[in-house]
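Fit chain D with the ligands to the supplied structure of chain V, relying on the hints for placement.
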Amino acid sequence: MSTVYIMWLRQLKRYFRSKPRMIGSLGQPLIFLLAFGFGFGKIYSQSGRGDYLQFLAPGVISMAILFTSVFAGIEIIWDRQFGFLKETLVAPVPRLHIMIGRTLGGATVALFQGVIVFGLACLFGFRPELKALPLTLVFMFLIAVLFTAFGTALASQLNDMQSFPLIMNFLVMPLFFLSGAMFPLEGLPRGMALVTALNPLSYGVDGLRMSLGLASFYGWGLDLAVLSLSSAFLLVVGGYLFSKIQI
Amino acid sequence: MPKPIIEVENLTKKFGDFTAVNGISFTVEKGCVFGFLGPNGAGKTTSIKMLTTLLKPTSGRVLLDGHDPAADQAGVRRTFGIVFQDPSLDDELTAWENMEFHGVLYKVPAALRKKRIEELLKVVELWDRRGDLVKQFSGGMKRRLEIARGLLHHPLILFLDEPTVGLDPQTRNHIWSYIKNLNRREGITVFFTTHYMEEAERVADQVTIIDHGRILARGTPAALKKKARAKSLEQAFIRLTGHSLRDEEASDIEHLRMARKMWRR
Ligand SMILES: Nc1ncnc2c1ncn2[C@@H]1O[C@H](COP(=O)(O)OP(=O)(O)OP(=O)(O)O)[C@@H](O)[C@H]1O
Ligand SMILES: [Mg+2]
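In order, the protein sequence lines correspond to chains V and D. In terms of the working numbering, the first sequence opens at residue 1 and continues consecutively. In terms of the working numbering, the second sequence opens at residue 1 and continues consecutively.
Okay, chain V solo, but in the shape it has when bound (with noise of 0.2 Å):
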């Protein structure tokens, strides 16, 4: 328990001391809102569907904790070209702990920087039911801790940033766009339709807007396993990934 609460609060930390990083990550958020929400909004209500700010600002709330979250977990590259890994590698814990510790950490920043810009979005006139808001919370937690370890997992593989553009591009950019973050499931093509259903993302998304008085696709208690499952099972793997790295 010590473990993972020393890297939980060695993430805190870190983050809270790094002013330009806590605002470089809501500028994206806030274009988004800001392009799509008024941009694209005009298109989404004459279609006959409402409000596109109601819809999208869960989807960029979830954006903006898939991304802090991500770059937390992929902090662990530069803990190891600054060496600091290496203090944890050789300390007598269980690998699962270090994990678990770093996860939670990465993943209570991203919430953190989630609930900012869900305040952003209300700013703009989102108007959500806020009767469920403590599962809202838990929705929100478990996308950051998914994504979190999924990043954790990942980078404790990496040597360097070099694959970072191509993490970036090629997995999380994908992970955001195709999981119903900007656009409704329903009446997808079947292609797109089982992209979409096999990215865990959409069913963080699809809690989320549940949880606000928005319709659900996947139903919530599907929506609460698919998250919990995928992170536990990463989690595993990242302890697994973790035992294996040699310095």
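Just to be clear, a hint being listed does not mean it is correct.
Unchecked claim - Residues from chain D that keep clear of chain V, each with C-beta distances beyond 12 Å, as calculated:
no., residue
1, ASN10
2, PHE18
3, GLY41
4, THR53
5, ALA74
6, GLN85
7, PRO87
8, TRP127
9, LYS135
10, PRO169
What the hints assert, rightly or not - So the derived label-pair ranges between C-beta atoms look like this:
no., chain 1, residue 1, chain 2, residue 2, range
11, V, PRO165, D, PHE18, 29 to 35 Å
12, V, LEU166, D, ALA230, 53 to 59 Å
13, D, LYS56, V, LYS131, 53 to 59 Å
14, D, GLN235, V, ASN159, 39 to 45 Å
15, D, ASN10, V, PRO165, 39 to 45 Å
16, V, LEU137, D, GLU29, 41 to 47 Å
17, D, ALA222, V, PRO165, 56 to 62 Å
18, V, GLN162, D, ALA74, 28 to 34 Å
19, D, LYS14, V, GLN28, 44 to 50 Å
20, D, LYS56, V, PHE183, 44 to 50 Å
21, D, LYS135, V, PHE183, 42 to 48 Å
22, D, GLU29, V, GLN162, 31 to 37 Å
Hints in this document: simulated from the structure, not taken from any laboratory. Note that the Cβ used here is the ideal one computed from N, Cα and C, for glycine as well.
Same frame as chain V, now just chain D with the ligands:
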């Protein structure tokens, strides 16, 4: 006779077709201060990495207090502490936070942790800077903090990979007398490498000299001097390895190695 605390048998590490450590065998007695000496690229750090679970040997066997890293990494990790040759601090944390992180990770009880952190930061003269971020420290200050952190949890075996490199003589003396004291008082086994031969001569009970991944000689500093008919350990070292640590004219093979190192970066 008690069982040695470190047993190394035929340990080998290959990087591709290059053999960095070539079938070395040795033992270290419990409570001993063991100097592992050799020129740059001799294979010292690579050996330490294999002893401390950071690197898998290509072949051979290691036992630390009876634990085999190949079978029981967790058991091995409970036996040692280490000061790495390369930096391993978190720059975004303060000196105190780096110590605290280590103490919690190694489960040093809170009260003892607090006491030792204060004591050690005073020994390395960083107590007044404990609240500063490590990224604001000079190279020597970082090095001192690394050492202090490595001494926090009092393991059975302490690995020190060129601990005092870049430190002024006064600080080096200070730190070594603290380590010697730990060794005497708590019977902690010390396994260290250094390029300062007078330092090795002064603090080591046993030394082993390695070059090109092979062990050239071992024994007490006095015995090695006698064997090489040398007045100092430094001179013995030069006679045994065929070159000085601070050799300006590197041999061809040395140049090749340097090139290798550069290309890897
Ligand atoms: N990851 C690696 N890949 C390839 N070669 C390596 C690697 N690590 C070390 N080597 C090589 O193995 C040899 C031994 O390196 P090592 O770091 O063990 O030397 P050392 O005795 O610690 O030297 P120094 O006194 O400079 O610290 C060197 O020639 C080095 O280039
Ligand atoms: Mg070395």
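Structure-based check of each hint:
1. The non-interface label for D:ASN10 is consistent with chain V: the shortest C-beta to C-beta separation is roughly 20 Å, beyond 12 Å.
2. Listed as a non-interface residue, D:PHE18 keeps its Cβ farther than 12 Å from every Cβ of chain V; the least gap is roughly 16 Å.
3. In this structure D:GLY41 is separated from chain V by more than 12 Å, as the shortest Cβ-Cβ distance comes to about 18 Å.
4. Remark: the non-interface label on D:THR53 conflicts with the geometry, its nearest Cβ contact in chain V lying 6 Å away (cut-off 12 Å).
5. Annotated as non-interface, D:ALA74 brings its C-beta within 12 Å of a C-beta of chain V; the closest such distance is 6 Å.
6. The beta carbon of D:GLN85 sits about 10 Å from the closest Cβ of chain V, which is not more than 12 Å, so the claim that it is off the interface is violated.
7. Its beta-carbon lying about 5 Å from the closest one in chain V, D:PRO87 breaks the requirement of being farther than 12 Å from that chain.
8. At the 12 Å boundary, the C-beta of D:TRP127 stays outside the reach of chain V, the nearest C-beta of that chain being 21 Å off.
9. A cut-off of 12 Å between C-beta atoms contradicts the statement that D:LYS135 is not in contact with chain V; the least separation is 10 Å.
10. The non-interface label for D:PRO169 is consistent with chain V: the shortest C-beta to C-beta separation is roughly 26 Å, beyond 12 Å.
11. In this structure, V:PRO165 and D:PHE18 meet the distance hint of 29 to 35 Å, their C-beta atoms being roughly 31 Å apart.
12. Take V:LEU166 and D:ALA230: their Cβ atoms lie about 56 Å apart, and the range 53 to 59 Å holds.
13. At about 55 Å, the CB distance of D:LYS56 to V:LYS131 agrees with the hint of 53 to 59 Å.
14. For the pair D:GLN235 and V:ASN159, the supplied restraint of 39 to 45 Å holds, since their beta-carbon distance comes to about 41 Å.
15. For the pair D:ASN10 and V:PRO165, the beta carbons lie near 44 Å from each other, so the given range of 39 to 45 Å is met.
16. Look at V:LEU137 against D:GLU29: about 58 Å separates their beta carbons, and that is not inside 41 to 47 Å.
17. Roughly 59 Å separates the CB atoms of D:ALA222 and V:PRO165, a value that falls within the hinted 56 to 62 Å.
18. Take V:GLN162 and D:ALA74: their Cβ atoms lie about 33 Å apart, and the range 28 to 34 Å holds.
19. The hint said 44 to 50 Å for the Cβ distance between D:LYS14 and V:GLN28, and at roughly 46 Å that hint holds.
20. For the pair D:LYS56 and V:PHE183, the beta carbons lie near 48 Å from each other, so the given range of 44 to 50 Å is met.
21. With their beta carbons about 44 Å apart, D:LYS135 and V:PHE183 fall inside the hinted range of 42 to 48 Å.
22. Against the hinted window of 31 to 37 Å, the Cβ-Cβ separation of D:GLU29 and V:GLN162 comes to about 46 Å, which falls outside the hint.
In this structure, the hints that do not hold are numbers 4, 5, 6, 7, 9, 16, 22, in rising order.
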